[in-house]
Amino acid sequence: MVYISSGKALMLSTLVAISFAAEPRRLRLNETTKSPPRGNPLTEEFNQYVKDLMDEWKVPGMSVAVIDDDQVYTEGYGFAVLPDTPVKPETLFLGGSTTKAHLAATIAQMISSGDYDDVFHLGWDTPMSSNIRDDFVLEDEWATAHVTMEDAVSHRTGMARHTISWVGTGEPGDTGKEWKTNKAAVRNLRNLPMTAEPRIIFQYCDLMFIALAHIVETVTGSWVGDVLKKALWQPLGMHSTFLSYGDARKSGQQIATGYFWDDYAQKYVGQETDPVQSSSAAGALISNVVDYSKWIMCLMNETAPLSAGAHTQIRTPRILVGPSEATGWQVTSYGLAWERATIYGEVVFKHDGGTQNFGANVIWMPDTKFAVIMFANAVDGGNLIEEVITQRLIEERLGLPVNGRREYMDVTKRNWAQAMPDFDNATDILYPNRTTDASSQAVDINLFAGNYSHPGYGTYAFSVENSYIVPGETRDKQPQEQLVALRQDLITPTRFVLRHVTGDFWVAYQIPIRGAALGRDYFHARFYMEVDGKPSALEITFAEATERISEVVIQFERVGN
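When the letters of the sequence shown are read in order and numbered with mature numbering (1 follows the signal peptide of the UniProt record, and there is no 0), they come out as residues -21 to -1, 1 to 540.
What the hints contain is simulated information worked out from the structure, not anything from laboratory work.
Here the structure is a predicted model, which is why all the values come from computation and not from measurement.
Check each hint, because a few of them may be wrong.
[As the list claims (entries may be wrong)] Keeping only pairs whose Cα atoms sit at most 20 Å apart, straight-line, the calculated EDC-like set for lysine to aspartate or glutamate is:
#1 Lys348 to Glu318
#2 Lys392 to Asp416
#3 Lys392 to Asp31
#4 Lys162 to Asp113
#5 Lys209 to Asp226
[What the hints assert, rightly or not] Cβ-Cβ distance ranges computed for the label pairs, FRET-style:
#6 Gly200 to Val146: 23 to 31 Å
#7 Gly288 to Pro16: 24 to 32 Å
#8 Asn404 to Gly93: 53 to 61 Å
#9 Val146 to Lys246: 26 to 34 Å
#10 Ser529 to Arg294: 39 to 47 Å
#11 Asp416 to Glu523: 24 to 32 Å
#12 Pro411 to Pro16: 54 to 62 Å
#13 Glu526 to Gly435: 19 to 27 Å
#14 Arg17 to Pro458: 54 to 62 Å
#15 His125 to Leu465: 37 to 45 Å
#16 Val532 to Pro16: 52 to 60 Å
Yeah, the Cβ is synthetic: ideal placement off N, Cα and C, and Gly gets one too.
From just these sequences and the hints, can you work out the full model?
Written out as structure tokens, the structure is:
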């Protein structure tokens, strides 16, 4: 393996509708898989292209690795720490959900080795509850007994994402508390509603990877970070890869600061650590593109430390995802923490990762032996431009003529605008037929202040504030009275705002306290009243129903006075 880095520092997913399946022409097999490597694609012209995208989409820093056969080209762009600490290929970033593939591969190796036949007696078909019976309990008794490890790893358990239920109780680097966090999160699954039957439809659920991590910790008696290190990172020479921020800091290596762009203040806001770092093997990995190149080379070439059986399992699709607005792929399957599709006649495996302030994207093409790995210290623009840059690199590697390529930036901008939550028009969007009768809009907001609790989603302490929806963002002509609750304990610390619409109906706004704009959202909310005129419960619809998925409606009971 040859690493090539120019070392120059120039000044991050899923939102790009890259229409891989609708390519301008289909390449014949011998036009791609048999074409020789094309040399270093990270040219001066390409570097300027990346710099321009970073400037436009407010991404402070980014690192890139391109693998072409046995050559690895790396580059750092922009700044790891503002104002002037440059990104290098060795700079550490948070990998988000690209962590999941490491856990899945480790379990595949454990199964393939035969050393764990007593606990994984049915391989991937082993029920989740068989090894953590007291902890793994779902809403449905049949699902509790029959949901398997394969169901969990391929997001087909029938469980919705339920991110707002996810409490982070451990400090990054404190392995004892992280272990407790995994177990506590798994034990909370019993309090969360399922939204589909198992094995019917793909529903991404981070919490199921927490459950898988808890199983690994239970059967090995070791912290999952140590298990991943022993199984993968040490054998591959990945000495810059960690599952805790504490371990990364102790290494003395450069760690990028995560940022988000405050559009109202017109400045970057930094956050040295990211709350998602307590997300364990679902999203807490810290690494760099140099180490990830070793990992992806192992997968592309099907080499040790993973067995042939483990590699086969990694590449085997488990469930169809269907058409995706995120990638534009018409047919996508999902397996062991990898999306699988065919583009330009080539099989590709892909997964991205996003946290409050970091974005990552990994894609590899096993037949062509080509891969792109990208890390960024911003998630909104980071994930977005990573997709666009990756597409360009793939098209260049496959030799597509320039006039036969698609222009993705117009599509990107359109999808970005559609994905951003429209707080200004939230009331009209959620309640288009609401009454304008003044008597229905009059309410004593102080009556609704108080604590509201749900066994799975925790307690919200709402108090009255005369303020804006987002502090500092004066989109309103003047502040308004509203109910506000802060949940600093969540994996993504969040501010919740309730604004009255009419009668018992409200709009609930969700705003990450320090993080990406795309983490914002708004929902239907409703208070239920007692005969004495006091509220008894608050109902929030966190996800609307679709054709095959039930809505996520959580009712918080009022507690105390």
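Hint-by-hint comparison with the structure:
1. Lys348 to Glu318: With Cα atoms ~17 Å apart, Lys348 and Glu318 stay inside 20 Å; holds.
2. Lys392 to Asp416: violated (39 Å)
3. Lys392 to Asp31: holds (15 Å)
4. Lys162 to Asp113: Holds, at roughly 10 Å.
5. Lys209 to Asp226: holds (15 Å)
6. Gly200 to Val146: 23 to 31 Å: Hint holds: Cβ distance 25 Å, inside 23 to 31 Å.
7. Gly288 to Pro16: 24 to 32 Å: holds (30 Å)
8. Asn404 to Gly93: 53 to 61 Å: This hint holds: roughly 58 Å between Cβ atoms.
9. Val146 to Lys246: 26 to 34 Å: For Val146 and Lys246 the Cβ distance comes to about 31 Å; the hint holds.
10. Ser529 to Arg294: 39 to 47 Å: Since Ser529 and Arg294 have Cβ atoms about 32 Å apart, the given range 39 to 47 Å is violated.
11. Asp416 to Glu523: 24 to 32 Å: With a Cβ separation near 26 Å, Asp416 and Glu523 satisfy 24 to 32 Å, so the hint holds.
12. Pro411 to Pro16: 54 to 62 Å: For Pro16 against Pro411, whose Cβ atoms are near 56 Å apart, the range 54 to 62 Å holds.
13. Glu526 to Gly435: 19 to 27 Å: Roughly 25 Å apart at Cβ, these two residues keep to the hinted range, so it holds.
14. Arg17 to Pro458: 54 to 62 Å: Between Arg17 and Pro458, where Cβ atoms are some 57 Å apart, the hint holds.
15. His125 to Leu465: 37 to 45 Å: holds (39 Å)
16. Val532 to Pro16: 52 to 60 Å: Since Val532 and Pro16 have Cβ atoms about 54 Å apart, the given range 52 to 60 Å holds.
Of the numbered hints listed earlier, those contradicted by the structure are 2 and 10.
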